[in-house]
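**Student:** What follows is the residue order along each chain.
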Amino acid sequence: MCVCACVTGAILDPFAGAGTTLIEAMVAGRAALGCDISPLTVGVARAHCWLPTDAALDELRCAMVSIIAALQSQEEGAAEGAAEGAPPAAIDFSHARAVVSATLDAAGVSEVVAAAAWFLLSHEEVYKWPDWRKVCVPLSLDASQACLLTAPSGCMHLLTAPSGCMHLLTAPSGCMHLLTAPSGCMHLLTAHPLAILVSTLARSSARASARSLGRSPGGCLEQRVVT
Amino acid sequence: MTQLAALRRAVPAGTPGARIELADAREIPSAFRQFRPIDGVLTSPPYPGVYNYLEFTPAQSGLAAHIERTSSTHEHAISAREIGAKADKDDLAAERTHASFEDLWQADTVAWLQAAAAVLSPAGRIAILIGDDSGINTLESITNAAATISRNASSPYTLHVLASASLSSQATRPWAKQATRGRGYRREHTILLEKKVDARRE
Chain A
1 MCVCACVTGA
11 ILDPFAGAGT
21 TLIEAMVAGR
31 AALGCDISPL
41 TVGVARAHCW
51 LPTDAALDEL
61 RCAMVSIIAA
71 LQSQEEGAAE
81 GAAEGAPPAA
91 IDFSHARAVV
101 SATLDAAGVS
111 EVVAAAAWFL
121 LSHEEVYKWP
131 DWRKVCVPLS
141 LDASQACLLT
151 APSGCMHLLT
161 APSGCMHLLT
171 APSGCMHLLT
181 APSGCMHLLT
191 AHPLAILVST
201 LARSSARASA
211 RSLGRSPGGC
221 LEQRVVT
Chain B
228 MTQLAALRRA
238 VPAGTPGARI
248 ELADAREIPS
258 AFRQFRPIDG
268 VLTSPPYPGV
278 YNYLEFTPAQ
288 SGLAAHIERT
298 SSTHEHAISA
308 REIGAKADKD
318 DLAAERTHAS
328 FEDLWQADTV
338 AWLQAAAAVL
348 SPAGRIAILI
358 GDDSGINTLE
368 SITNAAATIS
378 RNASSPYTLH
388 VLASASLSSQ
398 ATRPWAKQAT
408 RGRGYRREHT
418 ILLEKKVDAR
428 RE
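Chains A and B are the protein sequences, given in the same order. Each residue of the first sequence is one higher than the one before, counting from 1 in my numbering. Each residue of the second sequence is one higher than the one before, counting from 228 in my numbering.
Hints in this document: simulated from the structure, not taken from any laboratory. It is possible that part of the hints are untrue.
Taking CB as the label site, the calculated pair distances span [as the list claims (entries may be wrong)]:
id, chain 1, residue 1, chain 2, residue 2, range
1, A, V65, B, A321, 31 to 37 Å
2, B, A233, A, V65, 19 to 25 Å
3, A, E111, B, D318, 23 to 29 Å
4, A, D54, B, S298, 35 to 41 Å
Counterexamples of contact, computed for chain B against chain A with all Cβ distances above 12 Å [said to hold, decoys possible]:
id, residue
5, A245
6, E309
7, D317
8, L319
9, E329
10, Q333
11, G362
12, N371
13, I376
14, N379
15, S382
16, P383
17, Y384
Just so it is clear, CB atoms sit at the ideal spot from N, CA and C, and this is done for glycine as well.
Go ahead and model the full structure; you've got the sequences and the hints to work with.
**Tutor:** In structure tokens form, the structure reads like this:
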């Protein structure tokens, strides 16, 4: 007996979070459906699951260049208006967000590209950019909040190895450590016999949890196969 | 962007892009029905009373604001009360009302599981990863919710637990102990359910 029952239909994750399940479903060639009550998470998941064409990626690059230029222009304008020797004025975050919105509207980008641009503005890679402070402000009151969104492992890690992003959004419970472990839950969709599957899951979950909780495996482990 | 391209390469040609909606798990968007058959549900719901999920969405997040602005056509209003919120547990404890957090949790568990099962194919399966907290054994709550749904005479299907695996992990580091609010361990479950259509009920 296999968990997927040899089916090829869609996969649904009603608590989609940042989209790990949906990415793995797509990689498995399945239609992926997800929902979440958090608009932030929906945005992150959509960005993670985006399958852009080359043209769309070009569109995104152009949009990001325009946004950064607009934000720089905004800050330079604020600096010119300040008295000489005065400390830098506090950044007007709502205005910065408006600048981003206006820039995206003016660029006439597609909806998915606009969402991706907002997402990139929250990405930790921003910190590596010379002007990261300017780019972060549309999303967050300060750098620490931008960090909350992207640290410690960074959302985009999800795209290369499904073991990163969910640590952040589920950190207090640690629940997604299991789902996103390298040999974790998505194996449910493959054709492993159930008994092996449950055993494998339990072992890998034990390792993953032990790792996440800073302890070597050895916790209490139970398995139960009903059928 | 390199990673986006890598994902595109990893996804087999012809695979549709993911559809992700701003919606409550207790109200699965009916638009999803057009993508049937939905053969699998794979998810990790909130743990009971562990945190307040929506507080992870800072009001000033431009990304969240953008999604809300562009999701105005979603069919179902988002419930102001998220499933398993720590705030609900704390409030109910403070109010000393008759409604217990456990009752609320169980009702929500039935609600989302029923919503997921409703869109699932016959013989479709639901894999759940969940952990205990707030004195609630979530393996029991999922098992009981499946039984509740199956007992509903008006429902044309039943839900059965096929298998489960549970583990308890212990934390030794301060931050991990904090994450389990001082207990230093958490019990988590992987639970596999199957939907069976009951011909007698059809």
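**Student:** Please settle this one: P383/B was flagged as non-interface, so is its CB more than 12 Å from every CB on chain A?
**Tutor:** P383/B is indeed farther than 12 Å from all Cβ atoms of chain A, at 19 Å.
**Student:** Checking the smallest CB distance to chain A, is I376/B really beyond 12 Å?
**Tutor:** holds (15 Å)
**Student:** Cβ-Cβ distance between V65/A and A321/B: within 31 to 37 Å?
**Tutor:** violated (52 Å)
**Student:** Could you say whether the range 35 to 41 Å given as a hint is met by the Cβ separation of D54/A and S298/B?
**Tutor:** violated (27 Å)
**Student:** Verify that the Cβ of N371/B lies farther than 12 Å from every Cβ atom of chain A, and report whether the claim holds or is violated.
**Tutor:** holds (15 Å)
**Student:** Using the beta carbons of E111/A and D318/B, state whether their distance is inside 23 to 29 Å or not.
**Tutor:** Violated, at about 38 Å.
**Student:** Is the nearest CB of chain A more than 12 Å from the CB of E309/B?
**Tutor:** violated (6 Å)
**Student:** Is 19 to 25 Å right for how far apart the beta carbons of A233/B and V65/A are?
**Tutor:** Cβ of A233/B to Cβ of V65/A: about 22 Å, so the range 19 to 25 Å holds.
**Student:** Examine each Cβ of chain A, and state whether all of them lie more than 12 Å from the Cβ of G362/B.
**Tutor:** Answer for G362/B: holds, closest chain A Cβ roughly 15 Å.
**Student:** May I ask you to check that N379/B keeps its beta-carbon over 12 Å from the closest beta-carbon of chain A?
**Tutor:** Label holds. Min Cβ-Cβ 19 Å, cutoff 12 Å.
**Student:** Does the no-contact call for Y384/B survive, Cβ to all of chain A over 12 Å?
**Tutor:** Non-interface label stands for Y384/B: nearest chain A Cβ at 15 Å, farther than 12 Å.
**Student:** According to the definition I'm using, a residue is off the interface if its beta carbon is farther than 12 Å from all beta carbons of the partner; does A245/B meet that for chain A?
**Tutor:** violated (4 Å)
The structure shown violates the earlier hints numbered 1, 3, 4, 5 and 6.
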